[in-house]
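Asks: Letter by letter, the chains look like this.
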Amino acid sequence: MIEETVVSLQEGEARPMNMIEAINDALHVMMGHNPDIVVFGEDVGYFGGVFRATAGLQAKFGKMRVFDTPINECGIIGAAVGMAAYGLRPVPEIQFADYIYPGLDQLISEAARLRYRSAGEFTAPITVRSPFGGGIFGGQTHSQSPEALFTHVSGLKTVIPSTPHDAKGLLIAAIEDNDPVIFFEPKRIYNGPFDGYYDHPSKTWKNYPGGQVPEGYYSIPLGKARTVREGSAMTVLVYGTMVHVAEAVLAEKGVDADILDLRTLWPLDIETVEKSVQKTGKCLVIHEATRTSGFGAELVSLVQERCFYHLEAPIERVTGFDTPYPHSLEWAYFPGPVRIGDAVDRLMKE
Amino acid sequence: MVDQTGRIGMPRGNLPPLELHVPEPRFRPGDPVDYSWLDIPGAGELPRFDEACEARETMPATLGMVRVLDEKHRAVGPWDPRLDPETLRRILRTMALTRAFDDRMYRGQRQGKTSFYMKCTGEEAVSVAHAYALAGDDMVFPSYRQQGILIARDYPLVEMVNQIYSNRADRLKGRQLPIMYSARDYGFFTISGNLATQFPQAVGWAMASAIKGDTRIATSFVGEGSSAEGDFHAAMTFAAVYNAPVILNVVNNQWAISSFSGFAGAERSTFAARAVGYGIAGLRVDGNDALAVYAATQWAANRARANKGPTLIEHFTYRAEGHSTSDDPSAYRSAHEREEWPLGDPVMRLARHLIALGEWDDERHAAMDREVAEEVKAAAKAAEKNGVLGHGFHHPFHTMFEDVFEDLPWNLREQAEQAIREREAKWPAAKGAGTSDQGEGA
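Residue numbers (my numbering), protein chains in the order written: chain A, 1 to 350; chain B, 1 to 442.
Hints listed in this document are in silico derivations from the structure and should not be mistaken for laboratory results. Just to be clear, a hint being listed does not mean it is correct.
The calculated DSS-like cross-link candidates involving lysine-lysine, where the alpha carbons are at most 25 Å apart (straight line), are [stated by the list, open to error]:
id	chain 1	residue 1	chain 2	residue 2
1	B	385	A	63
2	B	308	A	63
3	A	275	A	203
4	A	206	A	279
5	A	253	A	275
6	A	275	A	206
7	A	279	A	253
8	B	212	A	60
9	B	308	B	212
Isolated chain B (complex conformation) (with noise of 0.2 Å):
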């Protein structure tokens, strides 16, 4: 067959034009938000899968969404994971001090202390409740909103502001942005700047554990906005192949910035479905569930560590506040989603549930949001004496030209003597200062 090219092929005949789809949230600002269009199962609904199925068998669990408590606040279905009272009280607190941390800090930027920060303000069960599933020195490979992990872990406050801050006491010697922690006592990898890297890194510990014979797993997160990324496949295709021992979660929380997850494909299908085309177990997740967040990783956990392969997560969520402190939501969204969001808050969710069991009440819960505020402020007092971003008490100058390599090479040694030139330069008091703990850039 000839077409009107004059060569083989198919004629295509008399067409309309081809059409180009721009993804358009469905709200804007001042818009009113209506999420009947959103398909919500009901708690308890999915099946349970045994943790050694075949990944394509747990694509209803793609499609449909692990959710334990219902709208009464009961626990209810196959994956209520049946903690204890003592247990669930402890997710809750660590929520409510992730929480608090958060609303500090952020003022603690808008004073002036810091040049930035991110708050996880309604995704704290996503990172808390995981954290509660993992064992302690499992590995995580987290991306900039799981501050909820290392407090779950009891990783000391003051550490965490001491780095916001970018003080002297800060362990990464004022080097990263903040929020961007490195914690290899706890588990916790250092965090990038650069999106979704830590995925397929995630993958090559996992598959190191494995080669060592090891017991521990490895768990990584991305947004929904960063599944975009190369590295996504990367990991997924190197999880598949090996079948390696790790956890990879997609924290859907709706927004990448000012780009609604539309840009990443969440018209078409869920994110989690795309586990099963790679022949990974996938889960979607209602994550402002604590409950079953928990019993998501745990399945995934068990999967992992009984070599029966990785597991995506797809944690449901919404991102309660801006991006981050450089960012004004309610310049690109309406703020009625937040108010309207069907899925609630995680932390008056469970609290209500236990509440429900008998095991909480209001005056309980007011009392655990003064002592968790009170804690912050005291770690936040206790880093502020090894001061705040600017003002001094930075760390010796001497030190940002150490680690780019273990020994420092000739032109590093050359560049730190002309930085301290420089700065004698400028503050001439300061002469022959030039590795004290004080003083300014040149």
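Bound conformation, chain A alone (with noise of 0.2 Å):
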């Protein structure tokens, strides 16, 4: 039997982390503060996950609280359900959000629903973890970026950490939030930040201000964007690893752009959007994932239907293309420095 040791529910100071490291310890914490939460998935057991983002947690919190999990996705989000049913806080993990393709149903027509079909007798505090997006050659199967399936499902929120500080303070929030949540990890970003120069050397989050994450409890509230950087010229909106990426392109450029990084999808932010789109009066949309019905769509969509007569030019969305992740053509593929400075000159044009 394992001792349960209450963690106390204080921010501590901070320390440099990494962005795996910063999950770990959200995990950490959390379940040494609730009993109810329980982690599983394929390898995060006694390996602590292939990532490392479960390392230790079996050690500490036993078998009962950390297990490996057959491969089968559907079987882990379904088991979630039932022991959402029961009371439990499951925090499963997919290995790849490539592999969450057959846990869908059980995501979308269950965990999603269960508030509304049973009018709030049965609902599910769940937290499904995943690392997604490209750019270390995981070919089509392991490079995805699928959050607009998720961000078109009723009833599901879905989160993208783009630092180690915030990544610790969602997932937090996230396990603490009683409605199930689809937290992206952006797996590029896991060791450091990346300026989209894929031949440059690169960087570790220990010099970068979001790489210092407090110890112990915090939480960043969910629905809630960060002002990256604040300006004038353009609003940038984007998430995960784009976010160094245009941070990077538009000081380069000397644009003085004001950046957003939404970090929840859905709930998003809108009235931080619509403030700085109608500071602005233009905007500029980025993701990774491809282009057709992209969540950068539905972004397009709000801010011309609440911000039109504000902006000053057409709305820009730099995406990846409508491939799938090729494995040798990643970087052709993956929406670089040239792609968005291309953007943000026809922006600056007008």
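Could you fit the two chains together into a complex? Lean on the hints.
Replies: This is the structure we're talking about:
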């Protein structure tokens, strides 16, 4: 029997962490705080996950609360729904976002609908963690960004952090949330921010402000965007890995942009988006996911509906191409500095 | 060796063409029905296995059949649960009440009081006897034909009718298709219209119960048709891997809408036999024999509660009516199937057993039938005061937007306001009454 050590809910001193360490720390803090939290998924137990996000959890909290599962995403999400019905707060891991599709019926028709269809008798306070996005030579089955599938589903929240600091605070908020949350972790920036130049040496989180992560408990409310930098020339709506790419490109071009890291895709922080576009009059939407029916289409629509008379130029949308993520040509797919730079130039000409 | 492609491999030789087998049921509309091909083992023949036995030892029970009531209406053999007459009468009454409820709700649908209904006629023993053999707080993850469990657990009939009529007293706020009940306080999970999703959920619930050191177990139901879903495999694998305290039931009622059980693999093996391949105990049960269903459930429940593992029970029965009010079975199967079904009617089989025991008679049976019909009628009348589908008295308009999330996000707030504007445009008289109990959609 494992002793429950209740961790006090206090924010501690900040120290440098990479995003994996921050996520791991969030899980340690929350599992120590709430005995109803269980963590499970493929390879997450003894081994600690293929990206090490769950390292040390089984040794600390025991096999009843942290365990490996069969390779069956329908079973992982389905079991999580049943556990939630019992009263647990499951935090399953789907090893790669690309593997989540066999679990979609359990997410879309079940987890997302329980509260509604049972009029609140049953809920699904489940946080599904999953690494997503490309840039690591993962080929077409370890690189996808399927977030728009989930923002399209009523009843699901979709969260994507872009720094270790936000990853920990948002994951804690997601676990505490009483609705199902899809928590996509941009795996390209697990170990350091990425400016889009794949041929430059990689950076670590060590000297980056977002890499300073408080010990202990803190949460970042879902549904709130983060202003990465304030500016007046244009609004950039971005999330995940692309936050850092956008930041680098705009700095390089010397454009005084208002960059918003959305953090929670849905429910979107519409107020912050509107205020920014009304201030700047221009809007650039960026995501790594394929273009057609991507989340960018929703953002462009909302900005058009709500800020049309403030717009001084057509909204620009920069995305991945509508192809599977190609292995050898992944940087040709990736919406890197050239593609973003062109869109910035077009906006600045107006 | 080199084959005809010039590559390494075995030469195929001169073979006849490959053939695809598309299953076809034995009888179609108008056909005379002969069930002599169906091997029905005699009551009392199957030995009763130790509840703690190895899963593979149950193989004979997955190919044979747990049967207790014989042709002379006696309870025979090692599976006889030896229930006292009072319990038998209660089971009988619950089955009769379930049937009476189905009959009235079916008529209600035909009278336009609701959009949809599903009867469980012929399958009452499966759910009712199962419920009697469980603890009252064991958790049920039902499919859509286990109304007998709710009725056995004394869930108020009027609440069921309110749900079926989607009226203003419907606890589910008119959101769910009729019969898709949810009753947390009665250990009854919210029914999904997506088939078999409840199977892995039940395993997850059972895992949680074990994680917490609880003593409650879970039980779940799918039809033989939806046992073909991937969720079945997920549930069986998880249940076996974690030795989860769960009973997984396949109600083999021979028909999935118009597709006979052959399209789920029944021509090849029994559904119960799948259990052993997963390392799960399996039992095939005469689903029209309430005592056999009770005995099998009790065996599986004891096994699960003793941490000896999950059990797959195949309830061999017959869907005597259509799939739902939306299909006409005479368009795809022979009406004689129901008449000739060799396992008889579960209600009458239990009644005749009680009569053989000297604990029941035709007069009491007729009186019981009148009584349950009156009980259902009273519940239906009471529910109708809260409205029927499409005739006012639905839930307040704004409730449509509630419970998507715990809190209403901005987009739903805006859409709720829009919905009320649309309604006021269509029904100007209702202006300002957007949150009232009455009024129609835009």
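Asks: With reference to the structure, classify each hint as holding or not holding.
Replies: These are the hints, each one checked on the structure:
As the CA atoms of residue 385 of chain B and residue 63 of chain A are separated by approximately 53 Å, the hinted pair breaks the 25 Å bound. Of the pairs offered as hints, the one joining residue 308 of chain B and residue 63 of chain A holds, with about 19 Å between alpha carbons and a cut-off of 25 Å not exceeded. Only pairs whose Cα atoms come within 25 Å are accepted, and residue 275 of chain A paired with residue 203 of chain A is rejected, the gap being roughly 33 Å. With a CA separation close to 34 Å, the supplied pair residue 206 of chain A and residue 279 of chain A exceeds the 25 Å bound.
Straight-line distance between C-alpha atoms of residue 253 of chain A and residue 275 of chain A comes to about 24 Å, which keeps the hinted pair within the 25 Å bound. At roughly 33 Å between alpha-carbon atoms, residue 275 of chain A and residue 206 of chain A are farther apart than 25 Å, so this suggested pair is violated. For the proposed pair residue 279 of chain A and residue 253 of chain A, the alpha carbon gap of about 20 Å is at most 25 Å, so the pair holds. Only pairs whose Cα atoms come within 25 Å are accepted, and residue 212 of chain B paired with residue 60 of chain A is accepted, the gap being roughly 17 Å.
Of the pairs offered as hints, the one joining residue 308 of chain B and residue 212 of chain B holds, with about 17 Å between alpha carbons and a cut-off of 25 Å not exceeded.
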